[in-house]
Amino acid sequence: MERKRRIKRKWLTGYLFILPSFVGFFIFMALPVIMGFGISLTDYNGFNQFKFVGLSNYINMFKDEYFLISFRNNVLYTLVTVPCTIVIALLLAVALNTGIKGKSVFRTIFFFPTITSMVAVGIVWSMMFHPSRGPINQFLMALGVENPPQWLVSTKLALFSVMIVAIWKQAGYYMVMLLAGLQTIPRHMYEAAQIDGANAFQRFFKITLPMLSPTMFLVVIMSIISSFQVFDLISVMTEGGPGRATNVLVYRIYQEGFKYLRFGYASAMAYFLFIIIMIITLIQYRGQKKWVTYMQ
Amino acid sequence: MNAYKLKKIIGSRLLFIVLTIVGFTMIVPFAWTLSSSLKFDREIFEYPIKWIPEVLRWSNYKEVWTRVPFLTYYLNTIKLSVIVTIGQLVTCSLAAYSFSKLSFPGRDKIFLFYLATMMVPWHAIMIPQFIIIKGLGLYDSHTAIVLLNLFSAFGVFLLRQFMLGIPTELSEAARIDGCSEIKIYSKIIMPICKPGLATLTVFTFNHMWNDYLGPMIYLNTDNLKTIQIGLAAFRSQYGAEYGLIMAGTVSALFPMVLIYCIAQKYLIEGIAFSGLKG
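Residue numbers (our numbering), protein chains in the order written: chain A, 1 to 296; chain B, 1001 to 1278.
Derived by calculation from the structure, the hints in this document are not laboratory data.
Be careful, since some hints might not be right.
[Said to hold, decoys possible] Facing chain B, a subset of chain A residues (Cβ under 10 Å, in silico): (1) M127; (2) S132; (3) G181; (4) H188; (5) Y190; (6) Q255; (7) I277.
Here the structure is a predicted model, which is why all the values come from computation and not from measurement.
Heads up, the beta-carbon is just placed ideally off N, CA and C, and yes, glycines get one too.
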């Protein structure tokens, strides 16, 4: 009897320790996930009266040109920023892992942009991109470029300009992750390969990449997910413009939800985002076992 | 052999030069910001750029801080960052202790639920969250921001990993001596976890300091606003006064830069950790 009570008390302690965070996760994470789907099936707009509209928000979404443009922009943003960021991050990590002089100084500098706020970075780069007076175009004009690009003002280049900033800001983050991965690869593997006469390229493709694949895989997934959540830079640099040229998913959700208070419609778009990210996460979960080389 | 050595030296020199150039592109925008914050508008866009202004216009800073309630924004952000950071340290370490040192039915299932919440993109649930916060009557209050940020699955995961590394004998011995769980947690486990706690502190503080969308959605009254929305609003209000905007930007960046100088080790370790264990 006494023992049973002691065990019960032990269990209770365990539950009590997780209680604060559990309540938080339940109210602010689990509940919203369920609610979000419910709201997406209504025309809720912040007032108490609303009606059930079935899947029509989802159907309208795929007929809504504005949404489709934002989605297309977002996919383009992902297709450009993810590979560019990761290739740069990988090259930097490999370079720093050669035992070069000043490694920690370089790492500190490359990582620096990642700790700064998107708002500050967006403001600074917007000014640097100023078409006539900004330092970038002044530099280009000094080099003799007669019609320098219009960057954020141009419908064609605006999204591309934001991408440059995003790549510049995030490369250091993934570099640190990849560098940590590189450091787990045992030195003797390289030494053995070198004795066998493998050159630097062979060593990179036959040892580094396969051995790095767990980290690499995670980095790719993380950066895809974060690219679907881009908001701050767009909000500060372009507000989705010029026109609709740089509108992206989360910015659209924000506009519909918090500017026009169309909660129902915005929730449908948000759920679409949720599903995309869940699918990517699932790919990660499944793929990790399939494609990743683990050390024995 | 000599030719090989020479090739190697040239290679590493070249690499060094390339890395230096990359390093410059990372730093130059900030150097330009700092330099511009001490210039008048027409001096900012002079070409070639004068990296060190002839006269340092400190008045830019004075003007920014007096024209808008920058001090209030600053204090609000510090307040929110400190409360959330301390709160996360408590909620995350309690849960991490439970998941790593105590056993009870359903423990691993609940932990899986925690991991699952890590996958939920915040942007996808911001609307229902907003409706819940509004329903609780917390819209336009600091409590809203605190509540939404008080819990972190990443923090639980990080600290749990840390605590798993602490030998069980340590807490077992204390338990036999009649120590209560809360005492073992606070007097034995927490002190050993200091590096992990430091990592979580820097992470959370950085996140809170730079947060933009959260405060934008939840804070409406001017004297509740945080530094990032304050800065963004200042910029849209005084769009053409570049010197002032730059001074404001430097002011908003400064605390994080300072923390980075002191505690970058913990930040970098935290990110490296998430890459290896994630």
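Original post:
Looking back at the hints listed earlier, which ones does the structure fail to meet?
Top reply: 4, 5, 6
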